[in-house]
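These are the residues of each chain, in order.
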Amino acid sequence: MTAEQAAAPARPGGLSRRSRRRLSLGGQYGLFIVVVVLIAALANWPQLHTNFANWQVAKGLFPDIITVGLRNTALYTAVGFGIGLVLGLVIALMRLSPVLPYRWFATAYIEMFRGLPLLLIFIFVGVGVPLAFPGTTIPGGAVGQAGLALGLAAAAYMAETIRAGIEAVPRGQLEAARSLGMSQGRAMRSIIIPPLTNELVLLCKDSSLVLFLGITLEQRELTKFGRDLAGQQGNTTPIIVAGICYLIITIPLSLLARRLEARQRRERR
Amino acid sequence: MSAPDTAGTGRAVEISGLRKSFGANEVLRGIDFHVERGEVVCVIGPSGSGKSTLLRCVNLLEEPSAGTVRVGGVEVTDPDVDIDAVRRRIGMVFQSFNLFPHLTALGNVTIAQRKVLKRDRAEAERIARENLERVGLADKVGSYPAQLSGGQQQRVAIARALAMGPEVMLFDEPTSALDPELVGDVLGVMRGLAETGMTMLVVTHEMSFAREVADRVVFMDGGVVVEEGPPSRVIADPEHERTRGFLSRVLDPAAARVEGSGPSDKFGSDGANA
Numbered sequence: 001m002t003a004e005q006a007a008a009p010a011r012p013g014g015l016s017r018r019s020r021r022r023l024s025l026g027g028q029y030g031l032f033i034v035v036v037v038l039i040a041a042l043a044n045w046p047q048l049h050t051n052f053a054n055w056q057v058a059k060g061l062f063p064d065i066i067t068v069g070l071r072n073t074a075l076y077t078a079v080g081f082g083i084g085l086v087l088g089l090v091i092a093l094m095r096l097s098p099v100l101p102y103r104w105f106a107t108a109y110i111e112m113f114r115g116l117p118l119l120l121i122f123i124f125v126g127v128g129v130p131l132a133f134p135g136t137t138i139p140g141g142a143v144g145q146a147g148l149a150l151g152l153a154a155a156a157y158m159a160e161t162i163r164a165g166i167e168a169v170p171r172g173q174l175e176a177a178r179s180l181g182m183s184q185g186r187a188m189r190s191i192i193i194p195p196l197t198n199e200l201v202l203l204c205k206d207s208s209l210v211l212f213l214g215i216t217l218e219q220r221e222l223t224k225f226g227r228d229l230a231g232q233q234g235n236t237t238p239i240i241v242a243g244i245c246y247l248i249i250t251i252p253l254s255l256l257a258r259r260l261e262a263r264q265r266r267e268r269r
Numbered sequence: 001m002s003a004p005d006t007a008g009t010g011r012a013v014e015i016s017g018l019r020k021s022f023g024a025n026e027v028l029r030g031i032d033f034h035v036e037r038g039e040v041v042c043v044i045g046p047s048g049s050g051k052s053t054l055l056r057c058v059n060l061l062e063e064p065s066a067g068t069v070r071v072g073g074v075e076v077t078d079p080d081v082d083i084d085a086v087r088r089r090i091g092m093v094f095q096s097f098n099l100f101p102h103l104t105a106l107g108n109v110t111i112a113q114r115k116v117l118k119r120d121r122a123e124a125e126r127i128a129r130e131n132l133e134r135v136g137l138a139d140k141v142g143s144y145p146a147q148l149s150g151g152q153q154q155r156v157a158i159a160r161a162l163a164m165g166p167e168v169m170l171f172d173e174p175t176s177a178l179d180p181e182l183v184g185d186v187l188g189v190m191r192g193l194a195e196t197g198m199t200m201l202v203v204t205h206e207m208s209f210a211r212e213v214a215d216r217v218v219f220m221d222g223g224v225v226v227e228e229g230p231p232s233r234v235i236a237d238p239e240h241e242r243t244r245g246f247l248s249r250v251l252d253p254a255a256a257r258v259e260g261s262g263p264s265d266k267f268g269s270d271g272a273n274a
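Listed in order, the protein sequences are those of chains A and B.
If you read the first sequence in UniProt numbering, its first letter stands for residue 1, the second for the next number, and so on.
If you read the second sequence in UniProt numbering, its first letter stands for residue 1, the second for the next number, and so on.
Because the hints were derived from the structure by calculation, they are not lab data.
One side of the interface only, derived from the structure: several residues of chain B facing chain A at Cβ under 10 angstroms: (1) L60; (2) L61; (3) I83; (4) A85; (5) V86; (6) N98; (7) L117; (8) M164.
Cβ-Cβ distance ranges computed for the label pairs, FRET-style: (9) B:D78 x A:P101: 26 to 36 angstroms; (10) B:S65 x A:G185: 21 to 31 angstroms; (11) B:S65 x A:P98: 18 to 28 angstroms; (12) A:W104 x B:G48: 34 to 44 angstroms; (13) A:A164 x B:D78: 32 to 42 angstroms.
Keep in mind that this is a model prediction, so the values were computed, not measured.
Glycine included, each C-beta is placed from N, C-alpha and C at the ideal position.
All chains should be modelled from the sequences, with the hints used to inform the complete structure.
Okay, structure coming up:
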C-alpha cells in the first residue's frame with residue numbers, strides 16, 4: 001500500500017485515478033444493494049404471488065394455452081412471414097427494376113404499408129374486404145386473414161431489407177461471377193442471394209416481433225387468450241404465462257440471430 | 001463440353017476500330033490490335049489512358065460503342081452471340097480480386113465449375129485443388145477470403161479463372177492493390193502460367209514483368225495505341241516521345257524530374273542537378 005502510494009504521482013487536493021475508479025464502483029454496488037433491500041422489504045409478496053404467479057390459475061391454462069394460443073401465434077407468424085418474404089422479394093426487385101411504373105408502385109407500397117398501423121390492416125382484411133366484396137372469402141379462414149394482413153405489412157419492411165442487401169453487394173463480385181460465364185440470374189442466385197440468407201434470418205426475428213402485435217380475429221392467439229382468461233378469473237397470471245410463451249419463441253430466435261451476426265462479422269472482417 | 005460451336009479457330013483476340021465512350025468522354029478512340037495464340041501481351045500506359053476499359057471490352061464487361069472484338073474467331077460484339085458461352089473461355093483477374101466473401105478458397109474455385117460447366121462436386125474439387133496447388137495455396141483450401149492476405153486472395157482469383165480451362169487470360173492490373181512485398185508471389189504465378197503457353201493479355205505497371213515475360217508490349221495513351229512491339233524495343237528503345245516520357249517517369253520517378261525528358265517537366269536539366 002505504502003509502496004503504491006509512493007509510486008503514485010503527487011496530485012495536490014485530488015484522488016489518484018485508481019482511487020476514483022474504486023470509489024465509483026463501490027458507489028454503484030452500494031446503490032444496487034440498497035434498491036434490492038428496499039424492494040424486498042416494501043413489496044407485498046403474498047399479494048404479488050396470488051395475482052401474478054398463481055399456480056392454481058396457471059395450471060388451469062394448460063394445455064389450451066399451448067395447443068390453441070401458442071399454436072395459433074406460431075401459425076399466423078409462419079404464414080405471415082412466408083407471404084411477406086415472397087411479396088417482399090417481388091417488391092424489392094420491382095424497386096430495383098429499370099421499368100419506371102414498377103419503381104413507382106414499389107415505392108408507394110413500401111411507404112404506405114410502413115406508415116399504417118398493423119391494426120388498421122387487420123381490420124381492412126378481416127372486415128373491409130368481406131364488406132366491399134360480399135361473398136368473397138379469404139382462403140384459409142382466420143389463418144389466411146391474419147397471415148395475409150401480417151404478410152402485407154411485413155412485405156414492406158422485408159422489401160427494404162432485401163433491396164439494401166442487394167445494393168450492398170459490391171459490383172466487382174457480380175462482375176467476377178459474370179466473367180466466369182454465369183448468367184445474370186445464375187450470378188444472383190449463387191453469389192448475391194446466399195449472403196442475404198443470414199440477413200433474412202435476422203429479419204425473421206425482427207418481423208416476428210412485429211407480427212406478435214395484437215390480433216383481433218376470432219381465432220385466439222396468445223395475447224387474446226391471456227387477456228380473456230385474466231378477465232374471467234380476475235387474475236393477472238394468464239397474461240404472465242402468455243408473456244413467457246412469447247419469450248420461449250423470441251429468445252432462441254434472438255440468440256440464433258446474434259450467432260449469425262457474429263459469423264457474418266467474422267466473414268467480412 | 002462447353003459449346004463446341006463457339007470454340008475458336010482464329011486469333012486469340014482480334015480488335016478492330018474499337019471505340020468506347022462514357023457519356024461525352026471518349027475513353028477509347030479507335031483501337032486496332034490482336035493477340036496471337038500462346039502470346040503474352042502487356043498493355044502499359046499512364047492511368048486514364050483506357051487500358052482497363054480496353055481489357056473489359058474483350059469480355060464485354062463494358063459494351064463497346066463501336067468496332068468489333070473477336071475472341072477465338074467468334075465476334076463477341078455480335079448481339080446474337082451468347083456472351084456467357086464466350087466468357088467461359090476467357091479468364092479474368094481483377095485489380096481488387098473480387099472473391100466471393102461467403103465462400104472458402106475451395107468454394108470460390110468450384111462454384112462456377114459446378115454451376116456453369118455442370119461438373120459434379122468431386123471433379124470440381126479435384127480440379128480446384130490442382131489449381132490452388134498450382135498457385136501455391138494447397139494449404140489454404142478451407143480459408144475464407146477475409147483470412148487471406150491480398151497476394152493470397154489474388155492467387156485464389158487466378159486459380160478460380162484457370163479452373164474453367166480458359167483459352168485466354170485477362171489480367172487487369174493484378175498487382176496494383178497489393179503491398180509491395182506481396183507482388184512477387186503473384187507475378188511468379190503469372191510467369192509460370194506464361195511458361196505453360198497460356199495466352200495472356202495483361203494490363204500492368206510492372207515494367208520488369210513486361211520486359212521479361214511479354215512477347216509484345218503495347219503502349220497506350222489518350223485512348224489510342226501509340227506504339228507496340230517487342231519489349232526490347234518498346235521499353236528499352238521507344239520511338240515515340242510520349243512513350244519515352246511515360247517510361248522515364250515509371251522506371252525512375254526521381255530521375256524523371258532531374259533529366260527533364262518528360263513533357264510535364266518544368267524544371268529543365270540544370271534545375272535540381274547543379
